[in-house]
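Asks: Chains as they are written, first to last, in our numbering: chain A, 1 to 651; chain B, 1 to 168; chain C, 1 to 323.
Worth flagging that the hints you see were computed from the coordinates, not collected in a lab. Since this is a predicted model, take the numbers as computed values, not measurements. There may be inaccurate statements among the hints.
[Claimed, not checked] To spell it out: a stretch of chain A is covered by chain B in this simulated footprint if at least three of its residues, at any positions, have a beta carbon under 8 Å from a beta carbon of chain B; those stretches are:
| hint | segment |
| --- | --- |
| 1 | 144–150 |
| 2 | 586–599 |
[To be verified] Just some of the chain A residues that point at chain C, by a computed CB distance under 8 Å:
| hint | residue |
| --- | --- |
| 3 | G294 |
| 4 | T467 |
| 5 | H576 |
[As the list claims (entries may be wrong)] Derived Cβ-Cβ restraints for the label pairs, each shown as a range:
| hint | chain 1 | residue 1 | chain 2 | residue 2 | range |
| --- | --- | --- | --- | --- | --- |
| 6 | A | L62 | B | G119 | 53 to 63 Å |
| 7 | B | S19 | A | R558 | 49 to 59 Å |
| 8 | C | D125 | A | P609 | 14 to 24 Å |
| 9 | A | R577 | B | S19 | 49 to 59 Å |
| 10 | C | Q239 | B | S19 | 51 to 61 Å |
| 11 | A | G621 | B | P43 | 39 to 49 Å |
| 12 | B | M95 | A | P609 | 26 to 36 Å |
| 13 | A | L300 | C | G69 | 41 to 51 Å |
| 14 | A | I222 | C | R175 | 52 to 62 Å |
| 15 | C | E224 | B | G102 | 24 to 34 Å |
| 16 | B | E114 | A | A140 | 52 to 62 Å |
Cβ atoms here follow ideal geometry from the backbone N, Cα and C, with glycine treated the same way.
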Amino acid sequence: MSAERPHITDEDALRETAALREVWAEPTGIVGFFSNVSHTAIGLRYVVTALVFFLLGGIEALLMRIQLARPENRFLGPDQYNQIFTVHGSTMMFLFAVPVMEGMAVYLIPLMVGTRNVAFPRLNAFGYYMFLCGGLMVYAFFFINAGPDAGWFAYTPLSGPQYSPGKRVDVWAQMITFTEVSALAVATELIVTILKMRAPGMSLNRMPLYVWSMLVQSFMVIFAMPAVIVCTTLLILDRLVGTHFFNPAEGGDPLLWQHLFWFFGHPEVYLIFIPALGFVSTIVGTFSRRRVFGYMPLVLSLVATAFLGFGLWVHHMFATGIPQLGESYFTAASMMIAIPSGVQIFCWLGTLWTGRLRFKTPLLFVLGFVAIFVIGGLSGVMLASVPIDLQVHDTFFVVAHFHYVLIGGAVFPLFGAFFFWFPKATGRMMDDRLGRVTFWLLFVGFNLTFFPMHQLGLRGMPRRVYTYPAEMGWGPLNLLATVGAFVMAVAVVLFLVNAAMSLRAGVVAGRDPWAGETLEWSIPSPTPEYGFLFLPTVSGRSAMWDARPDQPVVTGLRNDRREILVTNTVEATPHHREVLPGPTIWPFASAVTLCALLVASIFSPRAVPWLVLPVGISLLGWFWPRGKPPVPAPEEHRVRARPPRLSADTP
Amino acid sequence: MRTRGAVVLVLACAVATLSCWREKRQFRGAPAADARWAPVRIPPLQPGQPLPDNIKVGPYEGNAWAISEGQRLYNWYNCSGCHFNGGGGIGPPLMDDVWIYGSEPENIHATIVEGRPNGMPSFGGHIPDEQIWQIVAYVRSLSALESPDAVPPRNDHLERNAQPQPKP
Amino acid sequence: MSAWQSALDAAGPQAERIARLWWVFLAVCAAVYALVIGFLFAALARRRGDPAPRPADAEATASPTSDRGLTRAVATATAATALILFILLVASVGTGKALSEHGDPNALYIELTGHQWWWQATYQDPSPSQQFETANEIHIPVGRPVIFILTSSDVIHSFWVPNLSGKIDLIPTHRNTIWIRADKPGVYRGQCAEFCGLQHANMALRVVAESPTQFEAWRRAQVEPAPAPDTPDKQHGQQVFTSLPCAMCHTIRGTGAGGRTAPDLTHLATRSTIAAGILPNTRGHLAGWILDAQGVKPGAAMPPNVLPPDDLQSLLDYLGSLQ
Numbered sequence: 001m002s003a004e005r006p007h008i009t010d011e012d013a014l015r016e017t018a019a020l021r022e023v024w025a026e027p028t029g030i031v032g033f034f035s036n037v038s039h040t041a042i043g044l045r046y047v048v049t050a051l052v053f054f055l056l057g058g059i060e061a062l063l064m065r066i067q068l069a070r071p072e073n074r075f076l077g078p079d080q081y082n083q084i085f086t087v088h089g090s091t092m093m094f095l096f097a098v099p100v101m102e103g104m105a106v107y108l109i110p111l112m113v114g115t116r117n118v119a120f121p122r123l124n125a126f127g128y129y130m131f132l133c134g135g136l137m138v139y140a141f142f143f144i145n146a147g148p149d150a151g152w153f154a155y156t157p158l159s160g161p162q163y164s165p166g167k168r169v170d171v172w173a174q175m176i177t178f179t180e181v182s183a184l185a186v187a188t189e190l191i192v193t194i195l196k197m198r199a200p201g202m203s204l205n206r207m208p209l210y211v212w213s214m215l216v217q218s219f220m221v222i223f224a225m226p227a228v229i230v231c232t233t234l235l236i237l238d239r240l241v242g243t244h245f246f247n248p249a250e251g252g253d254p255l256l257w258q259h260l261f262w263f264f265g266h267p268e269v270y271l272i273f274i275p276a277l278g279f280v281s282t283i284v285g286t287f288s289r290r291r292v293f294g295y296m297p298l299v300l301s302l303v304a305t306a307f308l309g310f311g312l313w314v315h316h317m318f319a320t321g322i323p324q325l326g327e328s329y330f331t332a333a334s335m336m337i338a339i340p341s342g343v344q345i346f347c348w349l350g351t352l353w354t355g356r357l358r359f360k361t362p363l364l365f366v367l368g369f370v371a372i373f374v375i376g377g378l379s380g381v382m383l384a385s386v387p388i389d390l391q392v393h394d395t396f397f398v399v400a401h402f403h404y405v406l407i408g409g410a411v412f413p414l415f416g417a418f419f420f421w422f423p424k425a426t427g428r429m430m431d432d433r434l435g436r437v438t439f440w441l442l443f444v445g446f447n448l449t450f451f452p453m454h455q456l457g458l459r460g461m462p463r464r465v466y467t468y469p470a471e472m473g474w475g476p477l478n479l480l481a482t483v484g485a486f487v488m489a490v491a492v493v494l495f496l497v498n499a500a501m502s503l504r505a506g507v508v509a510g511r512d513p514w515a516g517e518t519l520e521w522s523i524p525s526p527t528p529e530y531g532f533l534f535l536p537t538v539s540g541r542s543a544m545w546d547a548r549p550d551q552p553v554v555t556g557l558r559n560d561r562r563e564i565l566v567t568n569t570v571e572a573t574p575h576h577r578e579v580l581p582g583p584t585i586w587p588f589a590s591a592v593t594l595c596a597l598l599v600a601s602i603f604s605p606r607a608v609p610w611l612v613l614p615v616g617i618s619l620l621g622w623f624w625p626r627g628k629p630p631v632p633a634p635e636e637h638r639v640r641a642r643p644p645r646l647s648a649d650t651p
Numbered sequence: 001m002r003t004r005g006a007v008v009l010v011l012a013c014a015v016a017t018l019s020c021w022r023e024k025r026q027f028r029g030a031p032a033a034d035a036r037w038a039p040v041r042i043p044p045l046q047p048g049q050p051l052p053d054n055i056k057v058g059p060y061e062g063n064a065w066a067i068s069e070g071q072r073l074y075n076w077y078n079c080s081g082c083h084f085n086g087g088g089g090i091g092p093p094l095m096d097d098v099w100i101y102g103s104e105p106e107n108i109h110a111t112i113v114e115g116r117p118n119g120m121p122s123f124g125g126h127i128p129d130e131q132i133w134q135i136v137a138y139v140r141s142l143s144a145l146e147s148p149d150a151v152p153p154r155n156d157h158l159e160r161n162a163q164p165q166p167k168p
Numbered sequence: 001m002s003a004w005q006s007a008l009d010a011a012g013p014q015a016e017r018i019a020r021l022w023w024v025f026l027a028v029c030a031a032v033y034a035l036v037i038g039f040l041f042a043a044l045a046r047r048r049g050d051p052a053p054r055p056a057d058a059e060a061t062a063s064p065t066s067d068r069g070l071t072r073a074v075a076t077a078t079a080a081t082a083l084i085l086f087i088l089l090v091a092s093v094g095t096g097k098a099l100s101e102h103g104d105p106n107a108l109y110i111e112l113t114g115h116q117w118w119w120q121a122t123y124q125d126p127s128p129s130q131q132f133e134t135a136n137e138i139h140i141p142v143g144r145p146v147i148f149i150l151t152s153s154d155v156i157h158s159f160w161v162p163n164l165s166g167k168i169d170l171i172p173t174h175r176n177t178i179w180i181r182a183d184k185p186g187v188y189r190g191q192c193a194e195f196c197g198l199q200h201a202n203m204a205l206r207v208v209a210e211s212p213t214q215f216e217a218w219r220r221a222q223v224e225p226a227p228a229p230d231t232p233d234k235q236h237g238q239q240v241f242t243s244l245p246c247a248m249c250h251t252i253r254g255t256g257a258g259g260r261t262a263p264d265l266t267h268l269a270t271r272s273t274i275a276a277g278i279l280p281n282t283r284g285h286l287a288g289w290i291l292d293a294q295g296v297k298p299g300a301a302m303p304p305n306v307l308p309p310d311d312l313q314s315l316l317d318y319l320g321s322l323q
């Protein structure tokens, strides 16, 4: 190989642009819409769909708050209320929180690691359609009075065949299957993308903190999801076929459900929380205009949180009568997990302390995260203590705690991330002043809604109650919480108005409006179909800030088919080239046929052998071999790293 | 674009007013025991042109919640004492397709209300009417006369000799 | 009324210990939060961004010295966090241990069975003739530990009387135990704390703590069967009870009514509430409950009943006589 590296000329770049645009173009029309395998399109669809579910879940929350605003209110009866709180919890946890984090990752990770798509584009599309089908299924049943009504956690024997008649709980259990298949699909492709498709030079040591958080979260998904798939499958078998897994009279045990569910359920909240930590690290760094302090402790904290998160599940079961020694172990573990979270907060505080801050909306949301999440974390430490938990378990104290950690810990960073990456996805800035108003309304509304709930729990108000007697004195605090809920609703509406307005008439953003640290800020906004014109290389932890003036790019990848570079796991040196599949309808077909099978199997086990045939045909179409691509000419297409063009702006 | 949105909205409202009958829960049924004002016919034979049936069809056919309540009441009111879990014993089996007094909902309702020779007590007035209709739906489900997706495949009924779990 | 069902208004040693632990935790957590927010505000106040930051101005501003100082700060904070958590852990485990010992051999045993949506209490006694059953209202003597043996007949419930102790679940075929002691006489309200279906919100109970003599008097009265009706009106009421659906589910010891699936009504008139602690036990409320229980608790197991007005009045007279 010659020592001299020629520069890329303008003609090279134009030729490459035209060729790549053609090869990576996604088809239009109805069939084309469902054949799309571009990670940006699928990622945006995930986010938009998840936001629609967020709105629906929010409306359910408002309905609950209206019912609880006054004692002995008759706005909703117990049957409706039970369905609404179940669907609210299931929507927020399964149809909003996890998918929106997955969707942001599907959009951002390939851009941040410097490649053109996720490792398995068709699996990506399939996962999205599974998620969409699962959500539509639950809401279709909900709108005809067949929505699940046993809580988002569906404890047996209440959710068993005798005490939950009809198909409501079966619908819930099957929704789990959809959303967990979707999550597993995304987790798999993110792990492979992150470990094998990073830009040359981006060793593990130089990966952005958001990429680390998604890597850790994806491993957690793979270990946690099977537990809930198992327990919901056992529940469906009990309800449909007559097995006795959870039937105490025939040798089953209702507590088995709780162990299996919470073995998934506790890591689930970390699945939602850990990507948000990645958002916070990114935003703190960019808006402090310095590298985030403590890269190594932050990465280790993420990993420690993930490991510890699997050892806490019994703290949801302290009141079930398990032995005291076991309970003490879980108290210790539940308190210990505060340490890595604390380390992260301290590192970010240190970054803010020594940075030159820019108070834009994303940073405001991160500051709100700190203020709110730390309260949630501290109430979590209280809940970790068995004696205190025995008083406040299953009361509004717990409702307050988990909303503080989930809304404060995940939704606030998510909103910050929306404001931060909206320019990259759409090419326009969101209005910052409206963003500040949104932040303050959300912050004040949130605290008005959920802080009184700590008090309500200590004063004896249990959860999942559709009404309460007037003599208890809980009315005023509940009314305050309802008012706060409506303030939050206004904030969310404002956010949507801001997004809609900015889409049409926002300030044009350009390539890098925030002086960002990571690779996605090196390409135009909105991102082109092919992402990077030439795949980048990386010289330091902050890809953009550590870039040399003549930072090399990768050339030689073929531009007549969808080619990406596979690199080594640890050091990210180039290994080989891989061809990614183009647009295809088969992932959509597979998801739809699998949806039909799963929905029909709620009603009859005979659906399984019959409807597996169309699924098989779709999978056959998906995996039909496409023949070997021709071997490229050796000299013409050897991959090299070359410095970029001399002119300032890439097209 | 606007008409498309309007159509979607109207369709959504229409769907929302539909309600899956299987899932409906009626807590307060029809007012209790009104007198029958036409006979419940057991055999299909009638002299002359058959008169129309004006007894209402069992109100809870295909309703999962009512069948589940019927299952609960079947045990609470000790139907299982004679009919066991449908296999019969002291009383005739309810799981088979032999119906001495007819298998239509109104026939079973009459059997429960009026009682029958050879040991079937008359429950009329002792059990509220809507509970009798719930038991009717459950009894029919024992004989697979109800839609299978409204019927649970098993119950969690605790056996008399179910031992409490030993604490470790 | 503000102390009604409040975990912070303790009337016994269990709730007392938990409340004390809670205040320790609150103080520590509040102090930690104040520190964190204090540092956050200080960090924000320290340096403000340039009035018109240029996008290209993205120099890394960290210097090795400031980062060394930060390393020390973060390490100290982490160590302090671990230490504080350890102290809280010790306090918590110590309290937990204290909660499990009462050391008194002379405890009263009550078996509590949860149903959808009411509480069945069976008072245990070495002599079987002294055992009796009641529902939704439990009397206990002040100063003597009471051991509850808890199980459920259907789904998982949770027994929770915040003024007296933390909660414990009632799980079918499991037998959980909890001991409580009331140190002050009073009436304490409790509520089911595990979602158990349509009327979970309305599954309350009363624990009445009274002096040992009062308790003994109450207990002796409960063991007796129901007093026989002494007026023709009450006799007619008893007849109504045993001929209508009432007797199919309820028991009144001393009459032919032996239903086992609904609360025992033998001494109904001694209770202060009906409908699992939701309605006051007055004639009017009882009439409303009998006629249309579904209006008060939709989905409850008690069906609406149709009675002619005279029968209703006789029935109410009879039930009111069940002292």
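Asks: Run every hint past the structure and note whether it holds.
Replies: Status of the hints after comparison with the structure:
| no. | hint | result |
| --- | --- | --- |
| 1 | 144–150 | holds (count 3) |
| 2 | 586–599 | violated (count 0) |
| 3 | G294 | holds (6 Å) |
| 4 | T467 | holds (5 Å) |
| 5 | H576 | violated (34 Å) |
| 6 | A/L62 to B/G119: 53 to 63 Å | holds (57 Å) |
| 7 | B/S19 to A/R558: 49 to 59 Å | holds (58 Å) |
| 8 | C/D125 to A/P609: 14 to 24 Å | violated (59 Å) |
| 9 | A/R577 to B/S19: 49 to 59 Å | holds (57 Å) |
| 10 | C/Q239 to B/S19: 51 to 61 Å | violated (43 Å) |
| 11 | A/G621 to B/P43: 39 to 49 Å | violated (59 Å) |
| 12 | B/M95 to A/P609: 26 to 36 Å | holds (27 Å) |
| 13 | A/L300 to C/G69: 41 to 51 Å | violated (21 Å) |
| 14 | A/I222 to C/R175: 52 to 62 Å | violated (39 Å) |
| 15 | C/E224 to B/G102: 24 to 34 Å | violated (49 Å) |
| 16 | B/E114 to A/A140: 52 to 62 Å | violated (44 Å) |
Of the numbered hints stated above, those contradicted by the structure are hints 2, 5, 8, 10, 11, 13, 14, 15, 16, listed in ascending order.
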